[in-house]
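Take the given structure of chain A and dock chain B to it, following the hints.
Listed here are the chains, written in short residue letters.
Protein chains: 2
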Amino acid sequence: MSLTIKLTITPHIISLNLHPKQRAKIPAYSLGFRPKAIYHSNALIPILYNNKQPRMSQASVSGSVIKSSLIEPDGGVVVDVIVPESERGSKTLEAESLPKVRLARIDVEWVHVISEGWASPLKGFMRENEYLQSLHFNSLRMENGAVVNMSLPIVLAIDDETKENIGSSKDVGLVGPDGDLLAVLRSIEIYKHNKEERIARTWGTTAPGLPYVEEFITPAGNWLIGGDLEVLKPIKYNDGLDHYRLSPQQLRKEFDRRQADAVFAFQLRNPVHNGHALLMNDTRRRLLEMGYKNPILLLHPLGGFTKADDVPLDVRMEQHSKVLEDGVLDPETTIVAIFPSPMHYAGPTEVQWHAKARVNAGANFYIVGRDPAGMGHPTEKRDLYDPDHGKKVLSMAPGLEKLNILPFRVAAYDTVAKKMAFFDPSRSKDFLFISGTKMRTYARAGENPPDGFMCPSGWEVLVKYYERLQAEEATPAAVSA
Amino acid sequence: MSLTIKLTITPHIISLNLHPKQRAKIPAYSLGFRPKAIYHSNALIPILYNNKQPRMSQASVSGSVIKSSLIEPDGGVVVDVIVPESERGSKTLEAESLPKVRLARIDVEWVHVISEGWASPLKGFMRENEYLQSLHFNSLRMENGAVVNMSLPIVLAIDDETKENIGSSKDVGLVGPDGDLLAVLRSIEIYKHNKEERIARTWGTTAPGLPYVEEFITPAGNWLIGGDLEVLKPIKYNDGLDHYRLSPQQLRKEFDRRQADAVFAFQLRNPVHNGHALLMNDTRRRLLEMGYKNPILLLHPLGGFTKADDVPLDVRMEQHSKVLEDGVLDPETTIVAIFPSPMHYAGPTEVQWHAKARVNAGANFYIVGRDPAGMGHPTEKRDLYDPDHGKKVLSMAPGLEKLNILPFRVAAYDTVAKKMAFFDPSRSKDFLFISGTKMRTYARAGENPPDGFMCPSGWEVLVKYYERLQAEEATPAAVSA
Chain A
1 MSLTIKLTIT PHIISLNLHP KQRAKIPAYS LGFRPKAIYH SNALIPILYN NKQPRMSQAS
61 VSGSVIKSSL IEPDGGVVVD VIVPESERGS KTLEAESLPK VRLARIDVEW VHVISEGWAS
121 PLKGFMRENE YLQSLHFNSL RMENGAVVNM SLPIVLAIDD ETKENIGSSK DVGLVGPDGD
181 LLAVLRSIEI YKHNKEERIA RTWGTTAPGL PYVEEFITPA GNWLIGGDLE VLKPIKYNDG
241 LDHYRLSPQQ LRKEFDRRQA DAVFAFQLRN PVHNGHALLM NDTRRRLLEM GYKNPILLLH
301 PLGGFTKADD VPLDVRMEQH SKVLEDGVLD PETTIVAIFP SPMHYAGPTE VQWHAKARVN
361 AGANFYIVGR DPAGMGHPTE KRDLYDPDHG KKVLSMAPGL EKLNILPFRV AAYDTVAKKM
421 AFFDPSRSKD FLFISGTKMR TYARAGENPP DGFMCPSGWE VLVKYYERLQ AEEATPAAVS
481 A
Chain B
1 MSLTIKLTIT PHIISLNLHP KQRAKIPAYS LGFRPKAIYH SNALIPILYN NKQPRMSQAS
61 VSGSVIKSSL IEPDGGVVVD VIVPESERGS KTLEAESLPK VRLARIDVEW VHVISEGWAS
121 PLKGFMRENE YLQSLHFNSL RMENGAVVNM SLPIVLAIDD ETKENIGSSK DVGLVGPDGD
181 LLAVLRSIEI YKHNKEERIA RTWGTTAPGL PYVEEFITPA GNWLIGGDLE VLKPIKYNDG
241 LDHYRLSPQQ LRKEFDRRQA DAVFAFQLRN PVHNGHALLM NDTRRRLLEM GYKNPILLLH
301 PLGGFTKADD VPLDVRMEQH SKVLEDGVLD PETTIVAIFP SPMHYAGPTE VQWHAKARVN
361 AGANFYIVGR DPAGMGHPTE KRDLYDPDHG KKVLSMAPGL EKLNILPFRV AAYDTVAKKM
421 AFFDPSRSKD FLFISGTKMR TYARAGENPP DGFMCPSGWE VLVKYYERLQ AEEATPAAVS
481 A
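Chains as they are written, first to last, in the working numbering: chain A, 1 to 481; chain B, 1 to 481.
Do not take every clue at face value.
Heads up, the list lumps identical chains together, so a pair's fine if it works in one copy or across two of them.
Okay, derived cross-link-like pairs now, PhoX-like style, lysine-lysine, Cα gap no bigger than 20 Å in a straight line [stated by the list, open to error]:
id: 1; residue 1: K392; residue 2: K195
id: 2; residue 1: K392; residue 2: K192
id: 3; residue 1: K429; residue 2: K419
Derived by calculation from the structure, the hints in this document are not laboratory data.
With the rest of the complex left out, here is chain A (with noise of 0.2 Å):
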């Protein structure tokens, strides 16, 4: 494929701190010692989307049977709703006559997702209508009759003075944060925000404690405005990472390039251990038996609000492609790319929005393991859900027939084998469980993991993280301001 760079592994991996004992049991190929291409998806874009002329056209030329789409989006098109830039200029003045709305750090997260269609076919926040279908019913009832899946209230919250100041406009301008002007908000409708009902409807609980509830719900006015919007310039973050945030429709047309004939996503939010690509690397061998000749991985991290003990997005996003130049995945198959939404940690209602949101971006498989999107319950000793909710809801869920859905058996570390595995119940007491929350205990602490667990390149990225972290965390405050 003329599209690929390569690249060669720098041999920094090598330094990793392991007993000798341990460098031992890892696989040569995870200690970089054999030096091999890597065809790193994401540093491709550019470059795709000045090609005037397209692979999937080249393609069709040559006879290959290409769809242009794997899986039709939710409501038939992608919704686009970012202005042309030949009409920035007027919409822009027009947005500066408009009474303004001032939007949190959150409600720029959403434009992001709503410009780009993640959330297909909706056109801006929720009016009432569509609030309380995806609040009661979990998804969308379309003029036609077709139903979308709609697990989590995509909602604008304003305050008492923000509604007053509105008046009887039909529409608003939206304000960044930084008090740039973002976008216009068309068709307004202002309703009551029931936090109690929304928050109780969502999370199936309104115990204190909940990272979205506490840093976006409670502090939210009492009203909620929808509307359609019209977003003024596509939201950048300049983080270094734009360039892995891919829109549906940008990622549609890169499986396509690539002659994708299945295409299945794996969302994540934590470092990618070897368990995940335990799975991933044999969700792709079943689609392989099942005839598919190119399946592509997405690998797909969220890259919205998380709650502050996660792993933050950069150092992520550093260990996943460690991941990938390590050959734990294989790069060749993989696209790596951002999915901006936040998290709302919403257990089995969220996991129906991560699922839908990857419909709209052309996966038609989506993979689903033990508590998607679960956390511990925040007042309670227990997890918050039942770890087999989310796939057997999702599995369920109105809209979403359509995908395929791939649950999958948990892995975990077989101390016996040294590696991650299948979780084998005839002889559970040679496998360790390790979580998300162990993981970072381990790297916090300095600690190695059973060998085997996670690639050393990515495993140092965490561990360098934590260094880094503990060493801020140390420095008294008065130093540092």
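Showing chain B alone in chain A's frame:
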């Protein structure tokens, strides 16, 4: 019609304790001065079901176009899991050998509901897949892909000890609170009863003080047991009201017998006042205008659990009889029957259940008013639900597309016209809203509501009930013991 019974209004209505001034304003017909024939629906039922040659077939012979039903029950057939009499002996014998589950009063109400097919296509207490769909989607997807509405979890809770006793048995016997063997539950599935999640997702709050929760969920066991029901004989209450408890199949037959070409259901748990009557009569008028020739009203008071301060069922049934005797509603086009479900007070979630169950009973129109199945927030000074959400949610509910929803304008007391009338916002100061709570306060205080609020004979029933109640409350416990 040959199957009617003529009754003459008894003159006791005149003995109502009214000021002469008030008396003058009550329409003559509602004071019972105009003796008229009352066609009392429910007295007919024994005749109907002993009639070997049902009316319907006679009508067919005479050439009328009569559909055997106006609306298809969910799943295509009305579920009936009552064991035929010929098999009762053997099934009872078998049931006696099974592990037993002791039912609470509320469970018996649900056995009743399921056994007669109100919850069709549900054939027993929910297994986990049904429970999760109900909780998350307010609907069930059937094997053929069709979606039916199912907004309330219909579940049976058991405690740890019962679970242990059941062991690996595939079936269990269900025993009523009095020790009677009532039913068998087949191919059981036991799963966790996460009460907090169930409450939050059903009520949209977990605030203490929800009547159904406090009475039946908080004290219940930590497991749910699902399975297919076989009910050993029809559930009876022997309270003098069983003849009002018509099953969906009985109601469907009665609608056919009456040659109804539209059936509009009115759910209530309160006494009927003239605002309700206005609405029901106005609905009939609208249906006639739409071209229906014989719309029949199903006046369908809820007969299961209600909260302590609601008016009890027997008093309500007496009050409803007076309303019909008084001619406020036309007995010839009205069927009064009891809906055996318990009340959740779960607003927009519950109103779907109320409507869905009536679809199964053959109603193709459903009247929905302000704040259906609502109540005050248990800990805050506000309605628990937005009063408009019930009708909005109902009109969008999955599986209820086939039902004609009739939302109505609010009726209130018009102090100028001195009658219940549709609220006219242009002269809002002329209107008085009399809530159920307010109505009960009047009756409890022995005060009369404004003229024209309720027919006097119906009001008298309420006053007498509250007099009795107060007398009982005033009686020292030692004396009544």
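Hints and how they fare:
no. : hint        : verdict
1   : K392 x K195 : between (27 Å within a copy, 19 Å between copies)
2   : K392 x K192 : between (32 Å within a copy, 14 Å between copies)
3   : K429 x K419 : within (15 Å within a copy, 77 Å between copies)
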